[in-house]
Amino acid sequence: MAGARLLDEAEVRRATTRIAHEILERNKGAEGVVLVGIAARGDDLARRLASEIARIEGATPPVGVLDITFYRDDIGMRAEAPEVHETRVDFDINGKTVVLVDDVLFTGRTIRAALDALVDFGRPTAIQLAVLVDRGHRELPIRADFVGKNLPTRRDEQVRVAVKELDGEDAVYVEEPRGAAGGGSER
Amino acid sequence: MNKHLLSIHDVTAEDVVRILDTAESFREVGTRVIKKVPALRGRTVVNLFYESSTRTRISFELAAKRLSADVINFSTSGSSVAKGESLKDTALTLQAMGADAIVIRHASSGAPLTLTKWVRGSVLNAGDGTHEHPTQALLDLYTMRERLGRLEGLRVAIVGDVLHSRVARSLSFALVKMGAEVTLVGPPTLIPPDAPAWGVQVSYDVGAVLPKLDVCYMLRVQRERQRQQYFPSVREYARLFGLTRERVGMLPEGSLIMHPGPMNRGVEIDSDVADLPQSVIEDQVTNGIAIRMALLYLLLGGSGAEAGEAA
Amino acid sequence: MSRRILLKGARIVDPAAGRDEVGDVLVQDGTIGAGDRAAGATVLDCDGLVLAPGLVDLHTHLRQPGREDEETVETGCRAAAVGGFTAVSPMANTDPVADNAAVIHEVRDLGERAGLCDVFPVGAITRGLEGAEMAELGEMVEAGVRIFSDDGRSVPEARVLRNALTYARAFEGVIVAEHCEDASLVEGGQMHEGFHSYSLGLAGRPREAEEIVVARDLAVARLTGGRLHLCHLSSAGSVEMVRRAKAEGLRVTAEVTPHHLSFTDEDLRSYDTNFKVNPPLRAAEDRDALHAGLADGTIDVVATDHAPHAVEEKEAEFDQAPPGTIGLETALAAVLTHLVAPGRIRLARAVEALSTAPARILGAADHGGPIEPGRPANLVAFDPEAEWVVEAPFASKSRNSAFLGRTLRGRVVHTLYRGEPVVADGKAQR
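Protein chains in written order, with the numbering used here: chain A, 2 to 188; chain B, 59 to 369; chain C, 8 to 437.
In case anyone wonders, no lab produced these hints; they're calculated from the structure.
Idealized CB from N, CA, C, for every residue including glycine.
Errors might be hidden in some of the hints.
[Unchecked claim] Here are the simulated EDC-like pairs of lysine to aspartate or glutamate, each with C-alpha atoms no more than 20 Å apart in a straight line: (1) 94(B) <-> 176(A); (2) 150(A) <-> 176(A); (3) 93(B) <-> 117(A).
[Said to hold, decoys possible] Stretches of chain B that chain C covers, calculated by requiring three or more beta carbons in the stretch to come under 8 Å of a beta carbon on chain C: (4) 82 to 92; (5) 143 to 157; (6) 166 to 173; (7) 252 to 266.
[To be verified] Partial list, derived from the structure: chain A residues whose beta carbon lies under 10 Å from chain B: (8) 7; (9) 10; (10) 53; (11) 57; (12) 61; (13) 85; (14) 88; (15) 116; (16) 123.
Work out the full structure: start from the sequences and follow the hints.
Following this line, the structure appears as structure tokens:
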């Protein structure tokens, strides 16, 4: 992958561990906490957090994956319909604290969509947001509760998170804008 | 993907995989408590059914509603369609209403293609005359892939009145496209002589074909065809080509029995056979909604800016 | 009209005189004049144009009386003139049917009043086109009819055809024209039966439906010694049977339409109802056999089967739309584009098939050439190279043309009817 690497494997691991501690601290343990990762990559991170929490607390919180494609606000604006991924939330979220997990927080639109999706699954007691990278440039009033790293970026730069499960390594890259059409999954 | 879905020839093999994968996600939506997503909120989907078909129309209606689209139903009874308004005038009315998608079922082959000349929205063929029924074929492919894990190399027999069946055409084209082996079975009077040019085999002996199948797909045979003398009697048809208990015993372990519905119990399929566990006829109905949601989503979820215009 | 016109520098193609050379033709007082009287005549520069005897259409539908919404004798004749025709034979399937002298006279009078071309109405073979009893052929012959046809359908029983062919022998120069189609084999059929009809989900009309009746009619012609004309042949098998019948010496003539020479059943993949015709457009091998048949004279003439239909009827679903395409305005161009330009037939043969031969079959002495002094000036001057796109509106009242949107090569510039330029510079003058 091209671009400057801002976080390497060790730094990603440390950030993940710290977030896991912060989640447990904020919620006074893992009781009633469930993790829902936003596809794709958010769910790999959610699973990592779950095993970290298990290592610290001794109990593994349930993990689900949520695809928010159907809740996007830009359906019908691109040439092709956006690609759909798997959703699996096998547990009841009513009365739980849902920690949404995503790789990059950018405009906030993905999270807005995820909130709408979650609400269709039930009524959680609280929804918190954990992201590996917050790169600024919010377009909606959304903020993260747990942040791995704050990364100031230019609007036109691309931030790419790599996870071992999908990309063979754990890292965070920043890339220069490449041509006019920014395809990526930045939202 | 193309702007319209008029025929199986409108989708590539890659498109088919995409449609089936997308349907997977929509099936999950059907398991939620709230079986609705806002993906097509504010869009208008019109069901224009010139042939009465409660089953397919409800399937499309549910699909559209679960995508949060607004649905308008035009059916033949009790509307200007019944009073003899031309297809063109009906189309222009729908166009004026701002229909984003029109799902049309019509007794005349080619009617959906004609419709695309007069409307700007996407047109989905829900069955036109004896030409095609692409959404049925796609949901059948979905059922096969789900139960058997693959499509390539599957050995499928389509049994019955192929000549008059739009389902048989769409399904044959779709299976051949995905690399399956298709055999058409029936009396010679009900199989088009040029069918081998579609890439399929033909047999007049159902007993010879059954032991080597992964899927046995039974077509509906209308009693009308006996009146038109395509075969001498229903009794003889059932005896030579019907799926009886004994014939089911000839099918290999794990093979599927399918039927697009509605069934003529006692003609092409015996009553107790339709209710066997190998028969996935019920699944076909459930999967129909997911496939139709996937199609509506894929057709309307893009702006269509780069997709080729079909008409 | 005492108009003197000099058509200067045209390539004169006149099969009746065996002539193909550049020259001038003088027209005066409705006839061809002698070349030395050219002084003071209006000169029409025909450099680059072909001058031929006016075209003659043996098979056309003018819809009047009965369907004046689709076409009238006047609008049909205008379409004919625009297409270079100076004589047309309208078929008898009007409403009322032209099975008696009264309707024949009416149609002929309408043609005279329009003054755009000669109209030679066709009479029905059977009363009401019902195929049962012979119509009063003799009375219609007295009214000027030379062709009898139940076109639209075949005479169902061989016995009735036999009687008509035999009875017609009493009348000099009269022919019986048959539309060959076995009704039981084509029931519900929308297009040619073959790979495409099976794929498109449209019921088919097999070529055997035509060939069976062609075989029957040729046998009846042999039995009676009558003069038989076969309308709009569409299948290779029919062409072969006619070839053998002619070799045998039977008195049979045959026609083919411009659309059967230009299109095949594959063109119906678009479900465009302008390609829905009867007999249907068949496979490539049939079209090629029609080309060969026209080239070697097995098929004598090109006849348009011009069939106007109301716009809303053609805009309906495919199986609801009536069959037929208009053709008077595109016939010459279609033959030039699809047969002459690719070298399948020579220009002289094309002119013969469109003018000289039909005039002879019809017995229309004033048409078809030769272009010589004293003969009526029924002429057409056309540019064989001019390319044009076929689009509505047409001179015909209807617009159901199979050629819509196509680019054709060859365009009529002037049509002279009895010496009067009814079409000049491609435009109808009245």
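Hint by hint, here is what the structure shows:
1. The hinted pair formed by residue 94(B) and residue 176(A) fails the criterion: a straight-line CA distance of about 37 Å is larger than 20 Å.
2. Taking the CA atoms of residue 150(A) and residue 176(A), the gap is about 17 Å. The hint holds against a cut of 20 Å.
3. A distance of roughly 14 Å separates the Cα atoms of residue 93(B) and residue 117(A); the hinted pair therefore holds under the 20 Å criterion.
4. Counting residues of the segment 82 to 92 of chain B whose C-beta sits closer than 8 Å to any C-beta of chain C gives 0, which falls short of three, so the coverage hint is violated.
5. A stretch counts as covered by a chain when three or more of its residues have a beta carbon under 8 Å from one of that chain; for the segment 143 to 157 of chain B and chain C the count is 3, and the coverage holds.
6. Taking a C-beta to C-beta cut-off of 8 Å, the segment 166 to 173 of chain B contributes 6 residues in contact with chain C, enough for the three needed, and the coverage statement holds.
7. Proximity of the segment 252 to 266 of chain B to chain C, defined as three or more residues with a beta carbon under 8 Å from a beta carbon of that chain, is established by the 4 residues found.
8. At its closest, the beta carbon of residue 7(A) sits 33 Å from a beta carbon of chain B; the interface hint therefore is violated under the 10 Å criterion.
9. At its closest, the beta carbon of residue 10(A) sits 31 Å from a beta carbon of chain B; the interface hint therefore is violated under the 10 Å criterion.
10. Against a cut-off of 10 Å between C-beta atoms, the interface hint on residue 53(A) is violated, since the closest Cβ of chain B lies about 28 Å away.
11. For the restraint placing residue 57(A) at the interface with chain B, the shortest Cβ-Cβ distance is roughly 32 Å, beyond the 10 Å limit, so the hint is violated.
12. For residue 61(A), the shortest C-beta to C-beta distance to chain B is roughly 23 Å, which exceeds 10 Å, and the interface hint is violated.
13. A hinted interface residue such as residue 85(A) counts as satisfied when its beta carbon comes closer than 10 Å to some beta carbon of chain B; here the least separation is about 5 Å, so the hint holds.
14. The restraint placing residue 88(A) at the interface with chain B holds, with a minimum CB-CB distance near 5 Å, inside the 10 Å limit.
15. For residue 116(A), the shortest C-beta to C-beta distance to chain B is roughly 12 Å, which exceeds 10 Å, and the interface hint is violated.
16. The closest approach between the C-beta of residue 123(A) and any C-beta of chain B is roughly 7 Å, which is under the 10 Å cut-off, so the hint is satisfied.
Violated hints for the displayed structure, listed by number in ascending order: 1, 4, 8, 9, 10, 11, 12, 15.
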